[in-house]
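K.L.:
Please work from the sequences and hints to get the whole structure.
This is what each chain is made of:
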Amino acid sequence: MTTDAKPTQTSRSRLDPEAMPRRDFLGLTAWWSAAATLLFGFLGAMRLPKAAVLPSPSKKFRITLPASLAPGQPYLPAGRSVALYKEESQVYAISLVCTHLGCIVKATDSGFDCPCHGSKFAKDGSVLKGPAPKALPWREVKHLSGDNFFVDEGKSVPAGTTAGV
Amino acid sequence: MSDVAEKRSAREESAVGRSLENLKAAPRRFTETVFRSGRPHSDRTRSTFVFGNVFLHLHPVRTHRWSLRWSATWGLGIAAISCFFVLLVTGVLLMFYYKPYPDVAYLSIKDIHFVVPTGRFMRNIHRWSGNIMVVIVLLHMARVFYTAAYRSPREFNWVIGMGLLMATLGLSFTGYLLPWDQLAYWAITIGANIAQSPRELTDALGITEWFDVGGLQKLILLGAEEVGEEALIRFYLFHVMILPLILVILVTVHFWRIRKDGGLARPIDADNRLGPSSGDVYPVFTEAAQKTYSLAAVVKGKTPIVGHGPEQTIPSMPHLLIGEAAVFMLTIALSVILAIFLDAPLKELANPAVPENPAKAPWYFLGLQELVSHSAFMGGIGIPLIVLIGLGLIPYLDRETEGSGLWFGGLGGRSLVIRSAIFGLAAVVAVEAFVIRFGWIRQWWPNTPQMIITFINSGTLLTFLYATYSVWCLRKYNSTRAGALALFTCFVCGFVVLTVVGTYFRGPNWDFYWSPSQWPGH
Ligand code: HEM
Ligand code: FES
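Quick note, the sequences are listed as chains A and B, same order. According to our numbering, the first sequence is numbered sequentially starting from 3. According to our numbering, the second sequence is numbered sequentially starting from 6.
What the hints contain is simulated information worked out from the structure, not anything from laboratory work. Incorrect hints may appear among the rest.
[Stated by the list, open to error] Mimicking EDC-like on lysine to aspartate or glutamate, the simulated pairs with C-alpha atoms at most 16 Å apart in a straight line are:
| id | chain 1 | residue 1 | chain 2 | residue 2 |
| --- | --- | --- | --- | --- |
| 1 | A | K52 | B | D116 |
| 2 | A | K61 | A | E155 |
| 3 | A | K131 | A | D154 |
| 4 | A | K157 | B | E230 |
| 5 | A | K136 | B | E26 |
| 6 | A | K125 | A | E89 |
| 7 | A | K136 | A | D149 |
| 8 | A | K52 | B | D217 |
| 9 | A | K61 | B | E160 |
| 10 | B | K265 | B | E160 |
| 11 | B | K115 | B | D348 |
| 12 | A | K62 | A | D126 |
| 13 | A | K108 | A | E89 |
| 14 | A | K52 | B | D108 |
| 15 | A | K144 | A | D154 |
| 16 | A | K122 | B | D516 |
| 17 | A | K52 | B | E235 |
| 18 | A | K61 | A | E142 |
| 19 | B | K104 | B | E214 |
| 20 | A | K61 | B | E230 |
| 21 | B | K352 | B | D108 |
| 22 | A | K131 | B | D516 |
| 23 | A | K52 | A | D111 |
| 24 | A | K122 | A | D111 |
| 25 | A | K62 | A | E142 |
| 26 | B | K104 | B | D217 |
| 27 | A | K157 | B | D516 |
| 28 | A | K136 | A | D115 |
| 29 | A | K131 | A | E142 |
| 30 | B | K365 | B | E353 |
| 31 | B | K365 | B | D208 |
| 32 | B | K352 | B | D116 |
| 33 | B | K115 | B | E353 |
[As the list claims (entries may be wrong)] Listed next, the stretches of chain B that the computed footprint assigns to chain A, with coverage defined by at least 3 CB atoms under 8 Å from CB atoms of chain A:
| id | stretch |
| --- | --- |
| 34 | 203 to 217 |
| 35 | 222 to 229 |
| 36 | 232 to 246 |
| 37 | 370 to 380 |
| 38 | 386 to 399 |
Quantities reported herein were computed from a predicted structural model and do not represent experimental measurements. The C-beta atom is built at its ideal place from N, Cα and C for all residues, glycine as well.
P.N.:
Here it is as structure tokens:
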């Protein structure tokens with residue numbers, strides 16, 4: 003082997019070869035397609051942890067309000083996070099899930115208090131104090147018959163929406 | 006030939022005889038095959054002992070005397086990995102009985118606590134070393150920062166370290182749910198809703214319907230809308246499998262990098278500062294280095310040891326290994342002592358209808374919870390993100406060389422750190438005192454749009470004060486390092502004060518109380 007056989011190579015060392023010879027185009031394509039395949043495969047696999055069907059129990063329920071329910075007095079169905087009120091012949095429901103970080107608020111004389119970071123809400127659910135960004139939403143109520151009502155905790159309605167008896 | 010000798014050689018010739026001889030020699034040969042270099046009694050055999058052993062060979066063969074001084078590291082990194090080791094062992098033991106299903110989980114922790122032999126002890130150790138690990142990882146990070154040890158060529162190892170910090174916090178957070186008691190349930194409910202809090206912003210912009218990162222994050226985390234069986238199994242999976250794996254991988258890279266970056270950071274004039282070597286250190290190369298390292302020809306840039314001998318280094322075995330063993334034993338001792346005297350808490354069974362009042366996250370998140378009590382998005386996501394990005398950028402912004410490897414090294418030095426600490430403490434105490442005494446925008450003008458409160462609250466105000474102060478320091482000293490020293494110190498002060506306030510001074514309804522004895526109903 004003589005040095006002048008390959009004059010262009012003299013400035014390059016064995017450790018610093020030509021950057022990327024053209025014939026490596028195929029090699030590059032292979033690497034990139036392998037990488038892209040793995041990436042898409044990974045993204046596809048990541049679809050799995052995002053549940054398509056949520057295991058939550060139904061948010062709809064029927065309820066019979068006690069006839070003795072005083073106006074402005076909350077009625078709290080067991081196992082539900084919603085308070086029902088009866089005023090004259092109108093019934094409405096307000097969510098008890100704090101709009102800040104999801105604690106269950108307590109119905110008090112002045113409205114609702116959240117134990118977690120001190121948000122306070124008025125009787126109609128609007129924010130009075132604290133970090134809660136939104137008012138407590140009102141929930142859908144439908145009158146069925148007599149003192150029987152249908153409530154959908156999953157459906158918000160504009161504040162002030164009531165169901166007539 | 007005598008009779009005896011004849012018999013003996015006859016026996017040696019028979020295959021049975023040879024096997025018997027080999028059997029006798031087996032223990033010795035076994036030892037020789039395990040420790041191929043023989044007993045480590047010279048420097049040379051000690052070196053072969055280290056690099057011939059798969060568990061030890063992450064260590065360098067020789068270690069610089071500078072790095073072996075206690076004040077160089079306080080052993081914090083080794084203490085962190087020791088904690089992890091303790092957690093691994095006790096965690097696997099807990100897995101023998103723990104069942105990740107709502108309510109059953111609670112009962113199995115009760116079993117572990119009251120019935121399983123040594124169960125309570127193991128659980129206590131697991132709980133306390135988890136806490137100790139968080140503290141130690143934070144202290145380790147502060148050590149690296151204050152000794153300016155993140156600088157070139159160690160920038161990337163600092164980034165890996167941040168990954169390790171997040172993996173550690175993630176392990177703690179996911180572990181917190183597993184007992185399925187009230188404490189666990191509500192801490193995780195709050196945590197999951199923090200993940201959802203970008204909604205605060207998207208709602209205010211009215212784009213949640215199309216672009217709901219917050220909702221997606223919560224959904225992936227919980228696998229459902231509320232904390233329930235889906236969430237528990239996910240947290241369990243993260244806690245015992247995914248995060249420990251990630252942590253182990255990151256730790257391996259972290260340690261590997263330390264060696265590739267030429268050992269721990271030390272000042273350029275470390276040799277002079279150390280003074281002459283003591284008796285047990287002698288030059289490795291008695292003449293100017295003749296040796297060229299074949300690898301060094303391939304590797305570009307500065308390689309740590311070519312050109313001069315590692316004069317101020319001493320064999321890692323035993324000097325480094327003894328230090329590590331000492332830290333390891335101390336860490337174990339600390340968690341065992343805590344575990345003997347303090348039981349890990351276990352409250353009543355989780356009740357999704359009645360939140361704990363106050364519902365507190367684990368202590369190291371109480372600083373965040375304090376911020377979150379001003380704005381969910383800013384406190385839980387915005388500010389932590391800013392802090393993380395800031396931390397990650399430090400080694401890429403600070404390209405200075407002055408004071409590397411020295412405590413409080415760099416322009417400004419110790420006096421700047423003290424002044425920043427005073428400023429940092431004053432600012433956070435003032436902001437907190439103001440908010441506790443006078444409330445915030447929503448109390449004064451209840452109709453203020455949420456956007457304004459999201460962007461102007463005590464958390465963002467504090468961040469702004471700290472940032473302004475450190476930019477001022479940066480300009481005053483004309484040094485990025487000075488700005489970084491100021492900002493990091495302020496950040497530490499803010500973290501400590503907010504954590505203390507969240508832990509000791511917040512009672513029911515997150516109201517301020519001077520002491521828990523004043524809590525109503527207690
Ligand atoms: C950095 C590492 C780790 C930290 C910070 C950590 C933290 C925690 C925490 C705070 C708990 C709640 C403990 C309690 O209430 O008693 C817990 C529980 C648990 N951990 Fe870990 N852990 C770590 C590593 C591991 C590993 C590696 C495993 C297993 C391979 C593990 C398995 C478990 C199990 C089964 C429980 C449930 C038992 C219980 O709650 O007492 N942990 N962990
Ligand atoms: S969850 Fe209600 S104030 Fe934070």
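K.L.:
So which hints don't hold here, by number, going up?
P.N.:
Hints 1, 3, 5, 7, 9, 12, 13, 14, 19, 23, 26, 27, 29, 31 and 38 contradicted; others consistent.
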